[in-house]
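Order-wise, the sequence lines are chains A and B.
Residues in the first sequence are numbered consecutively from 1, following our numbering.
Residues in the second sequence are numbered consecutively from 421, following our numbering.
If you are wondering where the hints come from, they were derived from the structure by calculation, not from laboratory data.
As the structure is a prediction and not an experimental result, all values here were calculated from the model.
Among the hints, a few may not be true.
Looking from chain B toward chain A, a few residues come up when the C-beta cut is under 10 Å (computed) [stated by the list, open to error]:
hint : residue
1    : Gly565
2    : Ser668
3    : Tyr690
Heads up, the beta-carbon is just placed ideally off N, CA and C, and yes, glycines get one too.
What follows is the residue order along each chain.
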Amino acid sequence: MKKSIGLFILFLLVMGLIGTGVIDAETTELKMTIYGSKNDIAIYEERIVLAEEMYPDIDVELIYIPGEYAQKVKTMIAGGQAPDIIMLGEDVHAYSSKGQIIRLDEYIKEYNVDLQERFADSVVAQYSYRGGLYAMPDRSGAMIVYYNKDMFDKAGVDYPDKDWTWDDLVEAGQKLTIREGDEVVQWGFAAGDWWPWWLSFIYQNGGEILNENDQPVVNTPEVIEALQFYNDLVYKYRIAPSLEDFANIGDPGPDPLFAQGKVAFQITGFWNVGSLKNVPELNWDIAPLWGNKKNATVSFGSGLGITKDSKNQEAAFRILEFLTSFEGQLPIVENRQDVPANLELQASDEFVNADWAAGRDINMDVFKESADIILTPPLHPQWNEIMKIFGDNLSEVFMNKRSVEDAVKEIQSRLEFTLF
Amino acid sequence: MPPLKEDYMKKFFEKPKWNESLWFYIMISPWIVGFLSFTLGPMIYSIYLSLSKWDLFQPPQYIGLKNYIKLFTMDDIFWKALYNTFYYAIISVPLHLIIATGIAYMLNKKMKGMRIYRTAFYLPSLVPVVASSMLFVWIFAPDTGILNQFLAFFGIDGPAWLLDAAWVKFSLVIMSLWGVGGGIVLLLAGMRGVPDELYEASEIDGAGKRQQFFRITLPMLTPVLFFNLIMGIIGGLQTFAQVYIMTSGGPNNASLMVVPYLYDHAFNFYNMGYGSALAWALFAIIMILTLLVFRSSSMWVYYESEVKS
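Pulled out of the complex, with its shape left as it was, chain A reads as follows:
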């Protein structure tokens, strides 16, 4: 009897060894780099746990990089320590154009992912390069209008909506800007020198900055008119604070001004929903962006790509496929983190009727409505350089010290020099 128990234990031990050996041999380990806040990490972890439940043979290690993300990821790749999955933003094509992340099209076919059904076309276009998709859209929220209902009611102005034109914008802005002597106590509108703002206006006017062949097309009447109008909001119609006005209050940007009830409407991303929860007394709602020749807005988000050096690209794709599915994206909504890229989830009850604004009823359909007016910014491999050229030259325009025509001419010639 005793002997048989001993044998049985030995048997278990041996099986145990074999068992662990077998599992070790089959577990695929993946490394995934992410950026964001401390809150974001927990949400990614939650989603990874779900993915690992789905694929027990895959083990994903999250590498959180709090600052200088691009620089560190590049160093990892250059140093032969490339992660398998990387989270990407506007610089996605700095990687795709250099073949550092792989085209996902074959896997998409193999795993029967219906891109059109799953994501908005405009978002897919952002992560595509020369006809191939290089990252799975993960989070994607359009920039939208936030407006202060009380201020609009008091001034007797209709709430903003998709049908607003630039004229409506100016008219509302003028009615909503309140001056006491020289001092402005309430601004109608507020923006600044950040590219998503002025780029939206360029696209609303039918302009663009690079054409489909990646040639700069900045020195055009559409672009000049749009930038002139954008600057006029500050210096001609005087409905929005100048860079100097912002500097006088420590450069907080428009978001805090809106939260403090000093601005009637502004354009910003989804993240402001979370911030505004801290000011329950503010009576606000959201609307899609207006247009001139057409409506246009920028979408902010991130995608997930697979590195060329990854040894487990297929396993990595399975993880990406899950992370961008309805179930894989659910924690984004449950934790009130962001707008999920998954359209099914965007249209679902979970997203639309979630208590986003702490008891305040806001029109969450705006994100879905915005999906088809999202412009596709030319996320050129040299995006950072392009943006610096714009920033350099527009900085003086936005200080009202240089004409739009002059700046645009220089931007055009500098882009031509830099991109070729």
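Based on the hints, put chain B in the right spot on chain A.
Only chain B this time, still in chain A's reference frame:
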């Protein structure tokens, strides 16, 4: 009988000169090891990189002197950055020396509570650049900043400082004076090292305070001033953090300096080769300037009781 091996060893180590240099190498070894393994290698490699095109991903491609040719003949932003860097260094370095010497002279007086003053003047140098940059963004605010409020008190309508292309460089100069404490400490130590008998002797000869300062204090301080000048030039030409944090080089590159510009190319624009070329060009410029200052030092730096004709 030949002497034992141990005796040799003993003699060897007892040689006072060897003993001293041995300790020198022991003491300096952590730095030497660090320098050889972490700095020298990358430095030499960056010479090669400056002669190639490298985007950090694909292997570097050798392109000869193209980066340097582009740098010196086609890149007007480089020239602008170089001009800004020199503007900043040429104004801020001498200003630092003058102000630091003046303050150190006053802090060298015998007075009650002097330690508190000395601490107070040194304290700002301990504030990290990032923190003081944030502070100065407020100080330079166009209407609400204390600098313009102060000027308004005298009826002066101050400029928009950091937002004004004509004033942004000078704003950085003003801000740099915030860190004058480091120089003060060195100069103060130098002043306290001037032998009292020199002052006593000059007093007997009838020298006034002013003469004493210009004929004794200042010449005796020249080695410290020389050191401060060299460090100031090197530091000034390598300015990075303030620009990066406060202006990102704007408006329209009016405050862009060489190091932020090379950082942009290397880490934001994926032009590591061009960034390396910029770094080496700056290195050469700093090297030449430093050599010139060193050469000139024989004319104006007095060591101990050296007399120059």
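Quick rundown of the hints versus the structure:
Because the smallest distance between the Cβ of glycine 565 of chain B and any Cβ of chain A comes to about 8 Å, under 10 Å, the interface hint for this residue holds. Evaluation of the serine 668 of chain B hint against chain A yields a held restraint, the C-beta minimum of about 8 Å falling below 10 Å. Look at tyrosine 690 of chain B: its Cβ gets to within about 6 Å of chain A, closer than 10 Å, so that hint holds up.
Checked against the numbered hints above, the structure breaks none of them.
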